[in-house]
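Please model the entire structure based on the sequences and the hints provided.
Number of protein chains: 2
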Amino acid sequence: MIEFSKQKLSVLIEKINSAQNIAVITHTNPDGDTVGASLSIYKILLNMGKKVSVISPDTLPEFLECLPNVEAILTYETQKNDVKSILQNADLVFCMDFNASHRVGILTHQLDKVTAFKILIDHHLMPDENFFDLIFSFDESSSTSELLFHLLRESDLLKYFDSDIATCIYVGIMTDTGSFSFACNRKEVFETVARLVELGDINLKKIHDNIYNSFSESRLRFLGFCINEKLVVLHEYHAAYIWVSMEEMERFNVSEGDLEGVVNYALSIKGIVIAALLKERKNIIKMSFRSKDEFSVNSFAKENFDGGGHINAAGGKSSLTMQDTIEKLVSLLKGLNL
Amino acid sequence: MIEFSKQKLSVLIEKINSAQNIAVITHTNPDGDTVGASLSIYKILLNMGKKVSVISPDTLPEFLECLPNVEAILTYETQKNDVKSILQNADLVFCMDFNASHRVGILTHQLDKVTAFKILIDHHLMPDENFFDLIFSFDESSSTSELLFHLLRESDLLKYFDSDIATCIYVGIMTDTGSFSFACNRKEVFETVARLVELGDINLKKIHDNIYNSFSESRLRFLGFCINEKLVVLHEYHAAYIWVSMEEMERFNVSEGDLEGVVNYALSIKGIVIAALLKERKNIIKMSFRSKDEFSVNSFAKENFDGGGHINAAGGKSSLTMQDTIEKLVSLLKGLNL
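Here the protein sequences line up with chains U and X, keeping their order.
Residue 14 is where the first sequence starts when you use my numbering, and the numbers rise one by one after that.
Residue 14 is where the second sequence starts when you use my numbering, and the numbers rise one by one after that.
Simulated from the structure, these hints should not be mistaken for laboratory data.
Any given hint could turn out to be false.
Identical chains blur together in the list; that is why a pair holds if it fits in one copy or across any two.
Unchecked claim - Here are the simulated lysine-lysine pairs, DSBU-like style, with alpha carbons at most 30 Å apart:
no. : residue 1 : residue 2
1   : Lys315    : Lys341
2   : Lys295    : Lys330
3   : Lys243    : Lys283
4   : Lys200    : Lys218
5   : Lys172    : Lys21
6   : Lys219    : Lys200
7   : Lys243    : Lys347
8   : Lys97     : Lys21
9   : Lys305    : Lys218
10  : Lys243    : Lys218
11  : Lys295    : Lys341
12  : Lys330    : Lys219
13  : Lys219    : Lys243
14  : Lys330    : Lys315
15  : Lys126    : Lys283
16  : Lys63     : Lys28
17  : Lys347    : Lys219
18  : Lys219    : Lys315
19  : Lys200    : Lys172
20  : Lys283    : Lys218
21  : Lys299    : Lys219
22  : Lys21     : Lys64
23  : Lys28     : Lys93
24  : Lys28     : Lys219
25  : Lys172    : Lys131
26  : Lys218    : Lys315
27  : Lys305    : Lys97
Set out below in structure tokens:
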């Protein structure tokens, strides 16, 4: 049960009321939750008559371009001076869906210089308490977007709610739970969606189609190639992996973002408990891990591949060659005795 | 808003109370909703102390074998005499998730002979009012399983609810909405899931993994083959199709059930509004259609391929050769001017 202290809620309202220039910031490699939550608080503040800007460190993935008011987002990567000046003039900054300033990537240095009051709304573990001035952080929440909805309700800001906001919060919850397949085992997640449908007059199928059914043809064919021809299944170790070379990605004309979700297919085989995707980059192999049940790929990635993440989803890297990385991985999988 | 007449609810309770032998029947080619709803009413009746059997016309797909109490299901295909004798002795029959007796396939003749009181619980259009004695039919419901939950609540039967039932109802809702991607644009769908989580103590991720992440390796590789090598994209008509031959299915060692969901990949391409899957069978081509937005594949299939279904999902057939069926399809797609 997510509960907010009355004192914190009144500071939140007080800071919003007195602010002249508000900035809202997403994390680096922006996903559906950070962008959904940022555009939601942006629109609430706009509906309250505030002056507000939204900033993303880098370019949004194409599938998020369907979000309402996405055109308002300033990208530091391409609009450095505009973003710098907004941050310099801001007297209130909302940090959405990240727990420390380095999570804004190339924008870190600028954010570190900000003297404005900084409010964190987030669901990751261990927020940096020295950096943020007011923290709303609940790791049991499915997503920052869900958390924001509870916060809006408890701080009596739902009177500024509209259909755009319902869409953005829905996208945040949907994408951070893999379309309600994980991290949603609380009744509040579904009660929130019920309220979004009730208040927001939103078209869930259209939103789903916009986010998930907007593959490029080359991305889809590459997915097919990966799962038919590049998948290695080690039934005896309850493990499966897919490896892709730079040459293959060039041949199919796909970028690294197009590999999103591919590792889940390796995990979708009956009896497979751990799955890995190995992506060749210049001088490094990037790795994604997924698991079922109680097996922690967070520990596995941390101990063996200089990475980490969550219990069922983590990342890592290797500076060995692809062939040597595969050999190391297979030998580790063998040793797991799954 | 789904509402039940008090009179119907009291007939329901009266019939259950007086019944000595109850049979529950799924439709042919059983899916998650018909099986989930059937096993739910089965367990409720069992918890009420009733004598009850569950019957499926044919064998369940493997991914449903994880459902609690699935071992109680009798299959007419392999247990003809047992099923006949149960139907002869039954004084009350629940028909779950189908609107007419022919929807039980090879069991139709036996069901037509049944003289017991027949209660329909279903969400398909136009139930056969002459066949069933008491009808609870609401096509706005996401699934028969969701409808059953409302019915249990309104008829004060939730006191017999348990975790098995929560799991089965959840599977019905999840599978009939494509993991909350369509047919779920009502707050009641999500309110129901919230109640299942609250009352049922269920593990949603585990259920999701059991249903969706239990592909056979050959099924997964065949999916990859279909979307990489058998997909034809007609960007100019906003259409895409996949066709598969019997030889290919034999080569990959997959059955028709393994093609479930393949057509959705053709629809997942940006800009594609209609997608088709063409499956070769002896002397006939079976077809699945999917669409986005307002384009009705129900009408398209009805007018051109002797089929029908829902607005965004329908089936059809063709007695032409594969090549001629493809030519007919492409010429129709061209004429749509999408």
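Discussion item. Checking each numbered hint in turn, tell me which of them this model violates, lowest number first.
Written reply: Checked against the structure, the hints that fail are numbers 15, 24, 27, while the rest are satisfied.
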